Amino acid sequence: MSEIKESRLQKANSLVSKGFASYAQSFRVSNTTKFLMQKFDYLENGQEED
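For the sequence shown, position 16 (counting from the first letter as 1) is numbered 16 according to our numbering, and the numbering increases by one without interruption.
Do not take every clue at face value.
Said to hold, decoys possible - Simulated restraints on C-beta separations: (1) Tyr-42 to Leu-15: 25 to 33 angstroms; (2) Val-29 to Glu-49: 16 to 24 angstroms; (3) Arg-28 to Arg-8: 33 to 41 angstroms; (4) Gln-25 to Lys-5: 20 to 28 angstroms; (5) Tyr-42 to Ser-17: 28 to 36 angstroms; (6) Gln-38 to Val-16: 39 to 47 angstroms; (7) Asp-50 to Tyr-23: 34 to 42 angstroms; (8) Ser-14 to Lys-34: 24 to 32 angstroms; (9) Glu-48 to Ala-24: 25 to 33 angstroms.
Source of the hints: derived by calculation from the structure; they are not laboratory data. Just so we're clear, the structure is a prediction, and the values are computed from it rather than from any experiment. Idealized CB from N, CA, C, for every residue including glycine.
Go ahead and model the full structure; you've got the sequences and the hints to work with.
Right, here's the structure in full:
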């Protein structure tokens with residue numbers, strides 16, 4: 001195993017042992033796809049906002 005991977009595993013295990021979850025159990029939805037489609041419907045395909 002590479003040194004980098006081993007280091008990352010040690011850090012992750014340390015956080016878990018201190019009570020931090022590896023992955024979030026839930027999250028707050030801030031925007032929906034429908035909202036974003038409506039907000040940016042004026043853009044052409046591939047066009048980005050300045």
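To see whether the hints hold, each was checked on the structure:
1. Between Tyr-42 and Leu-15 the CB atoms are about 43 angstroms apart, so this pair departs from the stated range of 25 to 33 angstroms.
2. Look at Val-29 against Glu-49: about 22 angstroms separates their beta carbons, and that is inside 16 to 24 angstroms.
3. For the hinted restraint 33 to 41 angstroms between Arg-28 and Arg-8, the CB-CB distance of approximately 27 angstroms leaves it violated.
4. For the pair Gln-25 and Lys-5, the beta carbons lie near 25 angstroms from each other, so the given range of 20 to 28 angstroms is met.
5. For the pair Tyr-42 and Ser-17, the supplied restraint of 28 to 36 angstroms is violated, since their beta-carbon distance comes to about 50 angstroms.
6. Evaluation of the 39 to 47 angstroms hint for Gln-38 and Val-16 yields a pass: the beta carbon distance comes to about 40 angstroms.
7. Distance hint check: the CB atoms of Asp-50 and Tyr-23 are about 36 angstroms apart, consistent with the given range 34 to 42 angstroms.
8. Checked against the given bound of 24 to 32 angstroms, the beta carbons of Ser-14 and Lys-34, roughly 41 angstroms apart, lie outside it.
9. For the hinted restraint 25 to 33 angstroms between Glu-48 and Ala-24, the CB-CB distance of approximately 29 angstroms keeps it satisfied.
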